[in-house]
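J.: Residue 309 is where the sequence shown starts when you use my numbering, and the numbers rise one by one after that.
Do not rely on the hints blindly, as some may be mistaken.
As the list claims (entries may be wrong) - Taking lysine to aspartate or glutamate pairs in the DMTMM-like style, the calculated list, with each CA pair at most 25 Å apart, reads:
#1 Lys455 to Asp498
#2 Lys787 to Glu362
#3 Lys363 to Glu405
#4 Lys457 to Asp497
#5 Lys596 to Glu791
#6 Lys596 to Glu792
#7 Lys644 to Asp684
#8 Lys455 to Asp404
#9 Lys645 to Asp622
#10 Lys645 to Glu760
#11 Lys365 to Glu405
#12 Lys688 to Glu703
Please keep in mind that the hints were generated in silico from the structure rather than gathered at the bench.
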Amino acid sequence: MRSIRGRQIAMIFQEPMSSLNPVVTCGRQVMEAIRTHTKMPATLARQKTLELFEKVKLPGPARFFDRYPHQLSGGQKQRVMIAMAISGHPSLLICDEPTTALDVTVQKTILTLIRELQQTEDMGVIFITHDLGVVAEIADRALVLYKGKIVEQGSVSQLFQHPRHPYTKGLLNCRPALHSRGERLPVVDDFMETDEQGEIRVKDSAAAGGGPGAAGKESGGAGPDELRAGGAEEIEAPEERQAASNEGAEILVQVHGLSVWYPAVRSFFGKPKAFTRAVDDVSFEIYKGETLGMVGESGSGKTTLGRTLLRLIDPTQGRILFEGKDLAHFTADSLKKLRRHIQIVFQDPYSSLNPRLRIGSAIAEPLQVHGLIAGDRRRKERVIELLEKVNLKAEHFDRYPHEFSGGQRQRIVIARALALNPSFIVCDESVSALDVSVQAQVLNLLNDLKKEFGFTVVFISHDLSVIRFISDRILVLNKGRIEEIGEAEAVYSHPRTEYTQKLIDAIPAVGGKWD
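Working from the sequences, and respecting the hints, build out all of it.
T.: Following this line, the structure appears as structure tokens:
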């Protein structure tokens, strides 16, 4: 099997962090795969690795060769995995959600790369994804799976133009379109029902054109191409839109000249000789009650900036004011008290939950740590209330994280973040790994909870369709610096920089060429 795996059949796994060895540098891991199958000398294997890193668009391949996985962003780790998978020139490549952690521009690069390899190497590809735009971009044929069974298969043109199964029709309507914002997203259950014989069929309302997904097309909403061109409607300039939307709003967070540098090269004695500027001299405000979308390419500094706002990472320089108070001056005790008011939903819910702790205890823990609710019985009642808020059940209280699906785990960590009734939440790629229907459920949930609890959100994502749907304003990051910031409609309809336009142009349409 070793002679087949990697050489004839290769696989790109969905979660690169758990697939890469944390104590071996990225370059050495790719070299190992090359030398295992080709017996290539070390010097040539190193050169081949650098060529592969360049092929998958890692900036500065030589710098990444000696880095460990934890020193890379999620998208960069995924590109290392892709380089390893294609190093043996396999005849069959299995791609399990390979672009989930990638921004749209890198995703477009990787999809182009896989297509080129498929043609030049005469390689077959099985591409597993929940992103229908990606299906339209790369696939010749498609299989639609529902509860372990193939419910529909055929050419991609047939799938998008004439979907037959209710589940397929539901999936095609679940993804947020670029022109939709703040409305309730349709989910698969809106389109499906089970009849008396146990057969799945399209709901009458959806079949009649009254389903949630029909609204956009029937109302004549602008499509992605119209948005990129500015649309038929006259829209105010970005500065005017931003000023209008912020008029009279109360500032919750102020950021002044914030920079975060990581040591890139160390001397023999361990002292830093060079630095990577993950965040470089950024200044902006976050207004009370808004959702600020933060978008940029992989490695642009989104996660670092989000975590620094919560003092999970200490800034190198600059100031962060939360309700007028400088977080740099907070002691450990002061920060602990502040944690009641600021929370984060991490990108990977499974790794942010203790696998040995029941989810009821995980959600109750912050209540106990901060002494908000006394007594196990009262805390349990509060936790069950939170579980029900995020569409889970009381019976889930005693289950462990591994007993839940990805979407359910994401809802669990949202419930935990809400336990202390915070005023400020950072959501770091909180829906990137979810299929389109569960993604729609979580986005609808966040909007509903925001209305109910009135918290402020920084929503970090590489998916511009999601950012467009959920955000009031958008901040575009590029190499640690702010490219532009403004009201969501203005940024999408009238991007001021070439970089923002490039991000928008790279978005795959849900129906792609089959729309």
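J.: Compare the distance between the alpha carbons of Lys363 and Glu405 with 25 Å, and conclude whether the hinted pair is satisfied.
T.: 19 Å, holds
J.: Below or equal to 25 Å on CA atoms is what counts here, so check Lys644 against Asp684.
T.: 22 Å, holds
J.: Tell me if the straight-line CA distance from Lys455 to Asp498 falls inside 25 Å.
T.: 17 Å, holds
J.: Does Glu405 sit within 25 Å of Lys365, going by the straight-line distance between their CA atoms?
T.: 18 Å, holds
J.: When you check the alpha-carbon spacing of Lys645 and Asp622, does it fall within 25 Å?
T.: 17 Å, holds
J.: For a C-alpha distance cap of 25 Å, please report whether Lys688 and Glu703 respect it.
T.: 12 Å, holds
J.: For the pair supplied as a hint, Lys596 and Glu792, confirm whether the alpha-carbon distance does not exceed 25 Å.
T.: Holds: Lys596 and Glu792 sit about 20 Å apart, inside 25 Å.
J.: Is Lys787 within 25 Å of Glu362, Cα to Cα?
T.: 18 Å, holds
J.: Within a Cα-Cα threshold of 25 Å, do Lys457 and Asp497 meet the stated pairing?
T.: 17 Å, holds
J.: Hinted pair, alpha-carbon criterion (25 Å max): Lys455, Asp404. Please report holds or violated.
T.: 18 Å, holds
J.: Within a Cα-Cα threshold of 25 Å, do Lys596 and Glu791 meet the stated pairing?
T.: Holds, because 23 Å separates the two Cα atoms, which is no more than 25 Å.
J.: Has the given pair, Lys645 with Glu760, been kept, meaning a C-alpha gap of at most 25 Å?
T.: It holds: about 23 Å lies between the C-alpha atoms, which stays within 25 Å.
In terms of the numbered hints stated before, the structure departs from none.
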